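Taken in sequence, the protein lines are chains A and B. According to the working numbering, the residues represented by the first sequence are 1 to 304, in order. According to the working numbering, the residues represented by the second sequence are 1 to 329, in order.
Bear in mind the hints are in silico, worked out from the structure with no lab data behind them. The model shown is predicted, which means the values in this text are computed figures rather than measured ones. Virtual Cβ for every residue (Gly too), placed ideally from N, Cα, C. Do not take every clue at face value.
Said to hold, decoys possible - Partial chain A-side listing against chain B, Cβ under 8 angstroms, derived:
id, residue
1, 44
2, 46
3, 154
4, 175
5, 239
Stated by the list, open to error - Taking CB as the label site, the calculated pair distances span:
id, chain 1, residue 1, chain 2, residue 2, range
6, A, 42, B, 118, 16 to 26 angstroms
7, B, 189, A, 128, 48 to 58 angstroms
8, A, 137, B, 107, 29 to 39 angstroms
9, A, 280, B, 37, 15 to 25 angstroms
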Amino acid sequence: MVAPTASPAPASTVPVRPRRARTDDGVITVGRSRTGTILANTAGVVFSVLMLFPVYWVLNTAFKPADEVLALDPTFWPTSPTLDNFVSAFKAPLFLKDMLNGVIVTLLAVAGALVVGFLGALSIARFSFYGRKAIILVVLVVQLIPFLSLLIPLFLMLQSADLTNSLIGVSITYLVLILPYTVWTLRGFISGIPRELDEAAMIDGCTRGQVFWRIILPLTGPGLVATSVYGFIQAWNEFIIINTLNSPDKQNLMAWLLQNQTTRGTAWGPLMAGAIITSIPVVIFFLIIQRNIATGLTAGAVKG
Amino acid sequence: MSVVDSPATRRPNDPGRSQQNRVPGHAAPKRRRRGSGRTPWLLALPALLLIAGLLGYPLVRMVVLSFQNMRLRELLSGRTPPWVGFDQYTRVLSDSVFWAVVGRTVAFTVVSVLISVFFGLGIALLMRRVSRGVRLFMVVAMMFVWALPQLVAAQIFRWMTDSDFGVVNYLIDKLPGVNYQNHSWFVNPWQGWSVITTLVVWAGIPFLAITLNAGLTQVPKELLEAATVDGATPWQSLRNITLPILKPLIMIVTTLSVIWNFGLFTQAWVLRDGHPEPQFQTLATYSYTQAFGQSRYSLGSAIAVITVLLMLGVMIFYIKQMFRIGEVD
Chain A
1 MVAPTASPAP ASTVPVRPRR ARTDDGVITV GRSRTGTILA NTAGVVFSVL
51 MLFPVYWVLN TAFKPADEVL ALDPTFWPTS PTLDNFVSAF KAPLFLKDML
101 NGVIVTLLAV AGALVVGFLG ALSIARFSFY GRKAIILVVL VVQLIPFLSL
151 LIPLFLMLQS ADLTNSLIGV SITYLVLILP YTVWTLRGFI SGIPRELDEA
201 AMIDGCTRGQ VFWRIILPLT GPGLVATSVY GFIQAWNEFI IINTLNSPDK
251 QNLMAWLLQN QTTRGTAWGP LMAGAIITSI PVVIFFLIIQ RNIATGLTAG
301 AVKG
Chain B
1 MSVVDSPATR RPNDPGRSQQ NRVPGHAAPK RRRRGSGRTP WLLALPALLL
51 IAGLLGYPLV RMVVLSFQNM RLRELLSGRT PPWVGFDQYT RVLSDSVFWA
101 VVGRTVAFTV VSVLISVFFG LGIALLMRRV SRGVRLFMVV AMMFVWALPQ
151 LVAAQIFRWM TDSDFGVVNY LIDKLPGVNY QNHSWFVNPW QGWSVITTLV
201 VWAGIPFLAI TLNAGLTQVP KELLEAATVD GATPWQSLRN ITLPILKPLI
251 MIVTTLSVIW NFGLFTQAWV LRDGHPEPQF QTLATYSYTQ AFGQSRYSLG
301 SAIAVITVLL MLGVMIFYIK QMFRIGEVD
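Kindly produce the complete structure, drawing on both the sequences and the hints.
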């Protein structure tokens with residue numbers, strides 16, 4: 001039997017993704033003046049520069065030596081760029097430990113949500129049964145409950161189960177945090193696989209189990225990647241829950257960044273360096289899957 | 001391996017295994033039945049159990065808690081907290097501080113969502129007008145902003161508005177006749193909230209602009225060209241063609257923005273160093289501080305219940321939209 005993860009997913013055969021918007025389609029060229037285009041281009045560039053300024057500023061700060069960071073006349077380009085801030089971030093107490101904690105908690109949560117969520121998605125995407133609508137409704141409703149409001153009862157529950165100040169407790173909490181989105185998104189990907197494929201396979205003698213392993217799982221490959229990356233971002237970025245449930249040595253990097261500020265006098269250089277280190281995996285993953293995030297949230301709102 | 005070459009002879013070996021893998025511990029022999037039977041429920045069971053146990057039960061527990069009086073003593077001793085009926089609600093609802101928080105949260109939501117959607121739509125329209133290279137630059141810039149974790153973005157803004165070494169003060173101070181050295185942005189709540197709003201709008205524009213731009217590509221080119229040929233001004237085309245077509249999408253992104261901004265926590269929390277002053281409290285931070293700062297778990301729960309109730313209308317609207325979509329396939 002082919003291992004499902006090893007088999008390359010023939011994504012092109014199945015219209016899993018919603019139609020992409022071609023950037024140049026539908027651009028109106030009638031009745032456009034040259035000066036108008038120049039004005040628009042200028043506005044676009046000014047806007048982009050303004051948007052990027054905070055990003056540029058964090059990079060600029062992180063590579064400056066300590067005395068330049070705290071200068072009354074800030075320099076807009078590090079004259080003597082240094083990695084000192086990154087070194088002191090790595091050397092800072094708990095930085096590496098919290099990084100490891102974050103990785104463990106995130107991976108546990110994503111793996112769990114993926115397995116449980118995939119089964120749930122399969123159920124509502126591929127079967128018609130009494131109660132299906134109810135399950136869909138539940139999945140949608142729970143996504144909207146502000147998770148922060150559930151933090152009080154969750155804290156009390158985990159406290160009585162002796163799961164506060166433990167990575168397991170946080171992992172389970174994160175799993176549930178990303179589960180509804182996982183079910184909902186994977187449902188979309190599975191629905192995108194034509195049922196005729198299943199039926200053809202069953203006619204050829206496949207059982208439901210074989211249909212799952214040989215058709216649905218490989219064809220959902222891209223969807224699984226996108227969904228798990230989104231789950232990763234969610235879990236990696238979370239800090240309120242872990243900061244509430246756990247003590248600093250059992251927290252993640254986001255909470256580390258938060259703790260760092262409450263100590264007297266912020267060490268801005270190392271803090272910004274730490275912020276960059278913390279953001280790098282998220283930014284990379286995000287850029288990979290951004291189309292799926294946007295379409296997942298608003299899928300179908302425009303009738304094409 | 002293709003589907004067609006899996007011969008029927010394999011059936012005795014494989015299916016049981018697959019079935020077991022599919023639903024751990026439930027190797028149901030019912031698999032050959034064409035209909036659904038128990039299978040869909042078994043598949044959904046783990047997800048439903050987790051949702052029920054860790055989302056559903058806490059939700060109920062939150063409501064129950066709001067009718068009790070859970071303080072630190074009950075937490076430590078593990079005793080059942082005393083029932084107090086509607087006392088927590090009476091206390092919250094008769095507190096002028098609470099109403100100030102509600103008003104502030106609502107005002108912030110309205111203002112920030114209006115500004116965000118206005119700019120998001122404006123940028124989306126601008127993206128249709130600029131040259132290819134500029135559009136790419138805009139998308140890349142917005143992607144970086146969108147990808148930044150909320151906490152990191154908030155920390156960057158805290159650094160930029162630092163009273164002693166912040167670059168914002170430095171730049172404003174450069175303006176002739178303005179002295180902004182050592183200016184503190186959070187003494188005056190209006191100024192503080194404008195920093196928070198700027199942060200939220202800045203972070204929210206990429207989602208709005210990129211989504212709305214994708215929606216704009218669906219507006220039929222022929223319609224707009226015909227309108228232009230017939231002498232419609234760009235403003236008329238926008239009002240009478242583009243916006244009506246875009247309306248469902250605008251509704252849904254606005255709803256999402258309302259839900260997100262109403263739950264504002266991180267930005268206010270980080271910019272105020274984890275101790276928001278009364279004038280920087282929102283419903284989310286207020287509930288949190290009551291529960292975890294003051295150990296008034298029941299009071300915090302009551303505030304959370306009220307928050308959810310206030311959001312209910314918007315949430316139902318969103319669910320209706322999504323359910324309609326979910327029904328399609």
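Now for the hints, and whether the structure bears them out:
1. 44: Hint on residue 44 of chain A: holds, closest Cβ of chain B at ~4 angstroms, below 8 angstroms.
2. 46: Hint violated; residue 46 of chain A Cβ to chain B Cβ min 10 angstroms, cut 8 angstroms.
3. 154: Nearest chain B Cβ about 5 angstroms off; hint holds.
4. 175: With Cβ-Cβ at 7 angstroms, under 8 angstroms, it holds.
5. 239: holds (6 angstroms)
6. A/42 - B/118: 16 to 26 angstroms: holds (20 angstroms)
7. B/189 - A/128: 48 to 58 angstroms: holds (55 angstroms)
8. A/137 - B/107: 29 to 39 angstroms: Given a distance of about 32 angstroms, which is inside 29 to 39 angstroms, the answer is holds.
9. A/280 - B/37: 15 to 25 angstroms: violated (48 angstroms)
Hints 2, 9, counting from the list given before, are not met by this structure.
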